[in-house]
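Colleague: Here's the letter readout for the chains.
2 protein chains.
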Amino acid sequence: MAERLTVGVAARLSRYLQVLTQAKKMGKDRISSQEIAEYTNINATQIRRDLSAFGKFGRRGVGYRTDGLLDEIRKILRTQGQHNIALVGAGRLGAAVTSSPIFAEHGITIAAVFDNDPDKIGQVVGDLTVSSIDDVVDICRDRNIIVGVLAVPAESAQEAAQGLVDAGVKIILNYSEALLDVPPDVNVHTSNPAVDLLYALYFHLT
Amino acid sequence: MAERLTVGVAARLSRYLQVLTQAKKMGKDRISSQEIAEYTNINATQIRRDLSAFGKFGRRGVGYRTDGLLDEIRKILRTQGQHNIALVGAGRLGAAVTSSPIFAEHGITIAAVFDNDPDKIGQVVGDLTVSSIDDVVDICRDRNIIVGVLAVPAESAQEAAQGLVDAGVKIILNYSEALLDVPPDVNVHTSNPAVDLLYALYFHLT
DNA sequence: CAGAATCGTGACGAATTGTCACAAGCGAGG
DNA sequence: CCTCGCTTGTGACAATTCGTCACGATTCTG
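Chains as they are written, first to last, in the numbering used here: chain A, 1 to 206; chain B, 1 to 206.
Hints in this document: simulated from the structure, not taken from any laboratory. Hints should not be assumed to be uniformly reliable.
Straight-line C-alpha distance at most 20 Å; calculated SDA-like pairs for lysine to any residue [unchecked claim]:
no., chain 1, residue 1, chain 2, residue 2
1, A, Lys-25, B, Gln-158
2, A, Lys-170, B, Pro-193
3, A, Lys-170, B, Arg-30
4, B, Lys-28, B, Asp-71
5, A, Lys-25, B, Pro-193
6, B, Lys-170, B, Asp-135
7, A, Lys-120, A, Lys-170
8, B, Lys-28, B, Arg-65
9, A, Lys-24, A, Tyr-39
10, B, Lys-170, B, Ala-111
11, B, Lys-56, B, Glu-35
12, A, Lys-170, B, Asp-196
13, A, Lys-75, B, Leu-205
14, A, Lys-25, B, Ser-191
15, B, Lys-24, A, His-106
16, B, Lys-28, A, Phe-203
17, A, Lys-24, B, Pro-193
18, A, Lys-120, B, Gln-158
19, B, Lys-120, A, His-106
20, B, Lys-170, A, Val-182
21, B, Lys-25, A, Pro-153
22, A, Lys-24, B, Gln-158
23, B, Lys-25, A, Gln-158
24, A, Lys-170, A, Ile-146
25, A, Lys-75, A, His-106
26, B, Lys-24, A, Glu-155
27, A, Lys-75, A, Ser-99
28, A, Lys-24, A, Glu-38
29, A, Lys-24, B, Asp-181
Part of the chain A face toward chain B, derived, beta carbon under 8 Å [stated by the list, open to error]:
no., residue
30, Ala-10
31, Val-19
32, Phe-54
33, His-83
34, Glu-159
35, Ala-194
C-beta: ideal position from N, C-alpha, C; glycine also.
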């Protein structure tokens with residue numbers, strides 16, 4: 001239980017988390033490894049093996065209880081409870097992020113919003129007031145925030161990332177196409193829909 | 001050259017594409033496997049091996065020409081030229097997508113925007129007019145669109161996806177948290193920032 | 001010309017994954 | 001109560017992928 005998961009296992013568990021969350025919302029109280037396999041394109045045997053490595057969560061002939069499995073996976077990933085994150089960028093993408101239920105659904109709360117545009121500072125998005133990027137260090141330290149989401153244009157990305165790093169943020173979700181230079185102890189996840197699309201396109205064309 | 005790439009290789013080539021695109025924008029005309037490795041966390045030897053499987057693109061003692069390597073990878077992935085895609089959802093996320101340069105940078109053009117809200121239909125976003133989702137079949141078939149981006153709330157996602165499928169779309173980028181039921185010949189890529197975040201969080205906590 | 005940098009590539013072990021198989025447990029239906 | 005179908009948990013093993021070390025070949029710099 002105290003062992004560190006491999007990257008592959010953790011990635012798959014995350015997928016299961018996503019499927020289970022939705023299955024629960026759809027009112028399914030039970031789900032089989034085969035059903036999860038259909039939504040994730042992960043081998044059903046592999047799924048059972050992944051799960052059984054941490055305990056016997058399922059019932060033979062029946063499947064897994066959606067609720068119970070959700071809790072178990074959250075325990076395994078140690079991501080139960082609430083997590084506060086900071087959002088940088090109050091533009092269109094930032095607005096989309098704050099108005100999406102996708103974070104709240106997984107126990108993630110957007111606890112602060114920053115921007116460098118004087119016109120946007122002080123504006124209210126959702127139930128938060130946009131703060132100046134100059135205050136990122138004080139506010140993040142104060143609220144113990146270690147995760148930041150970058151929703152800024154590529155030109156401002158590096159500067160914004162540096163602010164987050166200075167504020168003690170260790171995980172950055174980068175929605176700009178910029179490459180970020182950060183210290184080795186900071187983890188950057190860059191999401192580029194266009195590249196994902198080209199990747200998908202390759203498999204369609206062949 | 002005619003061989004189908006494995007999933008792993010194609011995924012890595014996509015990462016290289018992303019790095020090279022940015023490196024080019026930053027004015028770098030040469031790049032080494034070591035530099036790519038730093039941005040992608042992929043082993044430098046692995047990178048050289050991936051590339052050399054398709055030809056000798058680099059120059060010893062120098063590195064790779066950014067431009068040339070970009071072209072070669074595009075050739076390998078067969079994603080050169082322009083690609084038209086459809087966007088469903090003219091809300092905040094849709095607006096963010098249309099205003100982002102991230103697609104255009106990779107030769108992807110948003111050729112149509114759809115929504116089911118009568119108030120939004122007819123509005124102009126960027127240089128496109130929002131069409132009714134009811135017209136998705138006609139318009140997509142007409143423009144030979146096989147890729148769709150879903151930027152709608154989870155409640156509308158399945159319905160919108162069905163519209164795209166009916167229109168002949170084979171690749172769907174799903175930005176909602178919904179699970180989609182589609183025919184087996186349609187490829188769905190779901191992007192869930194919250195789940196990605198929990199995944200990253202696990203590795204930080206251990 | 002010497003030296004540093006970098007690619008291309010072989011070899012090999014380690015880790016991961018896919019696959020088949022099957023016993024054991026569970027529920028439904030008669 | 002008994003049988004049948006479904007599903008999990010798990011072993012065994014092959015296939016694939018990946019990381020690592022090594023090293024010759026090539027190119028640029030000074």
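Colleague: Identify whether the interface hint at Ala-194/A stands, where standing means a beta carbon of chain B within less than 8 Å of its own.
Modeller: 4 Å, holds
Colleague: Does Gln-158/A lie within 20 Å of Lys-25/B when you go C-alpha to C-alpha?
Modeller: Between Lys-25/B and Gln-158/A the Cα gap is close to 14 Å, so the pair holds against 20 Å.
Colleague: Taken at face value, is the distance from the CA of Arg-65/B to the CA of Lys-28/B at most 20 Å?
Modeller: 9 Å, holds
Colleague: Is the hinted pair Lys-170/B and Val-182/A satisfied, with a Cα-Cα distance of at most 20 Å?
Modeller: Violated: Lys-170/B and Val-182/A sit about 38 Å apart, past 20 Å.
Colleague: Just to be careful: measuring from the Cβ of Glu-159/A to every Cβ in chain B, is the smallest value less than 8 Å?
Modeller: 15 Å, violated
Colleague: Holds or violated: Lys-25/A and Pro-193/B, Cα atoms, limit 20 Å.
Modeller: At roughly 18 Å apart (the allowed maximum being 20 Å), Pro-193/B and Lys-25/A satisfy the hint.
Colleague: Given the hinted pair Lys-75/A and Ser-99/A, is their Cα-Cα distance within 20 Å?
Modeller: Answer violated: Lys-75/A to Ser-99/A is near 28 Å, above 20 Å.
Colleague: Within a Cα-Cα threshold of 20 Å, do Lys-24/A and Pro-193/B meet the stated pairing?
Modeller: Roughly 19 Å between the alpha carbons, so the hint for Lys-24/A and Pro-193/B holds.
Colleague: Measure nothing beyond the straight line between the CA atoms of Lys-28/B and Asp-71/B; if it is 20 Å or shorter, mark the hint as holding.
Modeller: Given that 20 Å is the threshold and the Cα spacing comes to 15 Å, the pair holds.
Colleague: Is Lys-75/A within 20 Å of His-106/A, Cα to Cα?
Modeller: Within the cut-off at roughly 13 Å; holds.
Colleague: Quickly compare the C-alpha distance for Lys-120/A and Lys-170/A to 20 Å and report which way the hint goes.
Modeller: 26 Å, violated
Colleague: Is the straight-line distance between the alpha-carbon of Lys-25/A and that of Ser-191/B 20 Å or less?
Modeller: Judged against 20 Å, a Cα distance of about 18 Å means the pair holds.
Checked against the numbered hints above, the structure violates hints 3, 7, 15, 16, 18, 19, 20, 27, 32, 34; every other hint is satisfied.
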